[in-house]
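**Student:** Here are the chains, one letter per residue:
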Amino acid sequence: MSFLDISGVSKSFGGNTVVRGFDLAVRRGEFISFLGPSGCGKTTMLRMVAGFEQPSAGRIVIDGEDVTHRPPNARRIGMVFQAYALFPNMSVGDNVAFGLKVAGRPAAERAKRVDEMLGLIKLAHLKDRYPYQLSGGQQQRVALARALAPSPRVLLLDEPLSALDAKIRVSLRTEIRALQRELGITTIFVTHDQEEALSISDRIVVMSEGRIEQCGTPHEIYNRPRTRFVAGFVGTLSLVEAEAEGAGSTVTVAGQPVTLAEPVAGSGRRPVTLAFRPEALKLDAGEGRINAIRGTVEAAEFLGSVVRLRVATPGGTLLADVFNSPAAPPPAPGETVVLHFAPGDVFALDGEGAAPAQAIAAE
Amino acid sequence: MSGARLGPWIVVGLAALYFVLPLIATFEFSLSMLRGTWSFEAYRVVFADPAFRQTFGFSVLAALATIVLGALLVVPTAYWVRLRFPRLRALIEFVTLLPLVIPAIVLVFGYLRLYNSSSWLPFTGSAWGTNLLLVFGYVVLSLPYMYRAVDTGMGAIDIRTLTEAAESLGAKRRTILFQVILPNVRAAVLSGAFLSFAIVIGDFVIASLLNRPAFGPYLALIGQNRAYEPAALAVVAFAATWGCMGLLQLLGGRAPGSAAAPLRVRRKAIP
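If you're matching them up, the sequences are chains E and C in order. Using my numbering, the first residue of the first sequence is number 1, and each one after it goes up by one. Using my numbering, the first residue of the second sequence is number 1001, and each one after it goes up by one.
Hints in this document: simulated from the structure, not taken from any laboratory. Note that the structure is a prediction, hence the values are computed from the model and not measured. One should not assume that every hint holds.
[Claimed, not checked] Computed cross-link-like contacts, DSBU-like style, restricted to lysine-lysine with a CA-CA straight-line distance of at most 35 Å:
| # | chain 1 | residue 1 | chain 2 | residue 2 |
| --- | --- | --- | --- | --- |
| 1 | E | K282 | E | K122 |
| 2 | E | K122 | C | K1172 |
| 3 | E | K101 | E | K127 |
| 4 | E | K112 | C | K1172 |
| 5 | C | K1172 | E | K282 |
| 6 | E | K112 | E | K101 |
| 7 | E | K101 | E | K122 |
| 8 | E | K122 | E | K167 |
| 9 | E | K112 | E | K122 |
| 10 | E | K127 | E | K167 |
| 11 | E | K112 | E | K127 |
| 12 | C | K1172 | E | K101 |
[Said to hold, decoys possible] To be clear about the criterion: a stretch of chain E counts as covered by chain C if any three or more of its residues have a C-beta under 8 Å from a C-beta of chain C, and this derived list gives those stretches:
| # | region |
| --- | --- |
| 13 | 4-10 |
| 14 | 60-74 |
| 15 | 87-96 |
| 16 | 161-174 |
For every residue, glycine included, the Cβ atom is placed at its ideal position computed from N, Cα and C.
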């Protein structure tokens, strides 16, 4: 049985349903991310696990104990907030000790645990400082230590990195993941940043409008998005309109045939949208890249290790990341190029949805 | 350019005159008890009067009780209203402003009707009960200032997130209120306390009608019978009130981690 079980949870505020039929089983020690745009219900779902909101329907079970109607202070969870929420009147050491003090632990044990936690986040030298004397990154690390000190059953992180600047964000997320692995604590991490979710999660739950769109490993989510929403939200994607005919796995893009890995659903003559990751398109054939689309370079953006090309094709604009090579300068705007890709590198999206331009803008 | 600077200074100067001139005049008058020379004779007489010490001590005690009771009433109320019943904020604010609209004399007559010695709750039946009633009255009088100060203080910190953080760490309501919220609105409670203090020291109506030996009625009595001593008393009361406020600031202002302790901040910031 799983360690944290969320089954059939819904939440409405008045007539407004923000979480619908949420089911998730989390294994002990697993790192799960809730990923989605703002207003998708991810934070509300996290707050229901924490006990700050009551589900309108469904159950939440932690380690075999039904906590659905238990108050937050009886759930033994640890929570880290976007706004740090350190107690301004207490020193770093007192902040970390707070949960232990509330639990009635003896002073000697508290002191030992505080030193241990501050050692873990490498801030032992700041024990007597006050929160306003710390940087944002340091405050958030203290908040993490404070949440972990009473040994909670589940660690809940509500966009903990959003208020930090880019460099700290990357280093702290690595630190969080390392700490989580070391302690083996079951963790839920809420974020709207797909790169963050992809880089540190065991599994990602992609949410939209209160529903789970897809739940899977970062590799699955990125490479096999199940819905158009997931495909558009996670990673950069360019879309090209194509046409399918019959039941085969071959479609045509402005007259050029393209072979897919799987047959396209449906029958008869019908429009399909093809989706490409920028790194799947190459300027040379080989390694099974049997498909080719011809287009004109609109722009070449030099990003260092890769050059991102914007290529106009008859079906739509494609983004292609090609490796930088000191020997060969990147194609210039106006040049005609042929983009090669393997059947497994392209996937067909069904149904109407975002226009190609929007998908590119959503990167 | 100098003209543009002069304007504000004139306004400040006029305002200062408006406040300071009567004080200086009172002080000057209090020094002229002995004919033809300046002396502290009036002060000597005032301090020699045991009634002065008794009434002033009584009022200071009443003020401290008012501050403690007021804080215990206002801090949890403001906290709950902000946290759980934000829609009630306008109503609560209106209620706390009522003492500014309703004269204190109406309040006292209400008290006397409700709590007289033959009523169901005979507060005025004993000296202690009456003292209690007096403090209750002062709490009501200071409510507008106390509530505003505390509510503003709570607006300055994120009480919701702090409460949730404490809850997630296992804390119960009382712990959160006294260990997390109260210390962080200490500066606000203090500023409310200063005003409460001044109100209580200066009160005449409630103490007089409840017949308590407070400073206000004593001052009025002296004022009716003497010439120089009331001026000296006014100056003493003024100085003592400011002194007590300073003391409060000194004792209560040492909130760690707050902007209210600038000295500590500077010392701590140097590693």
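**Student:** Taking the hints in turn, state whether each one holds.
**Tutor:** Status of each hint after checking the structure:
Proposed proximity of K282 of chain E and K122 of chain E is contradicted: the alpha carbons are some 44 Å apart, above 35 Å. The straight-line distance between the Cα atoms of K122 of chain E and K1172 of chain C is roughly 30 Å, inside the 35 Å bound, and the hint therefore holds. This hinted pair checks out: K101 of chain E and K127 of chain E have alpha carbons roughly 16 Å apart, not beyond 35 Å. Restraint check for K112 of chain E and K1172 of chain C: satisfied, since their Cα atoms lie roughly 24 Å apart, inside the 35 Å limit.
With a C-alpha separation of about 60 Å, the suggested pair K1172 of chain C and K282 of chain E falls outside the 35 Å cut-off, and the hint is violated. With a C-alpha separation of about 13 Å, the suggested pairing of K112 of chain E with K101 of chain E holds against the 35 Å cut-off. Of the supplied pair hints, the one linking K101 of chain E and K122 of chain E holds, its CA atoms being roughly 22 Å apart against a limit of 35 Å. For the hint pairing K122 of chain E with K167 of chain E, the CA-to-CA distance comes to about 18 Å; that is within 35 Å, so the pair holds.
As the CA atoms of K112 of chain E and K122 of chain E are separated by approximately 15 Å, the hinted pair is consistent with the 35 Å bound. Between K127 of chain E and K167 of chain E the alpha-carbon distance is near 24 Å, which keeps this suggested pair within the 35 Å criterion. The straight-line distance between the Cα atoms of K112 of chain E and K127 of chain E is roughly 13 Å, inside the 35 Å bound, and the hint therefore holds. Our distance criterion of 35 Å between C-alpha atoms is met by K1172 of chain C and K101 of chain E, whose separation comes to about 12 Å.
Note: the region 4-10 of chain E has 0 residues with beta-carbon separation from chain C under 8 Å; the three-residue rule is not met and the coverage is violated. As drawn, the region 60-74 of chain E meets chain C at 4 residues by the rule of a beta-carbon pair under 8 Å; at three or more, the given contact holds. Proximity of the region 87-96 of chain E to chain C, defined as three or more residues with a beta carbon under 8 Å from a beta carbon of that chain, is established by the 5 residues found. Beta-carbon proximity to chain C at under 8 Å applies to 0 residues in the region 161-174 of chain E; the threshold of 3 is not reached and the given coverage is violated.
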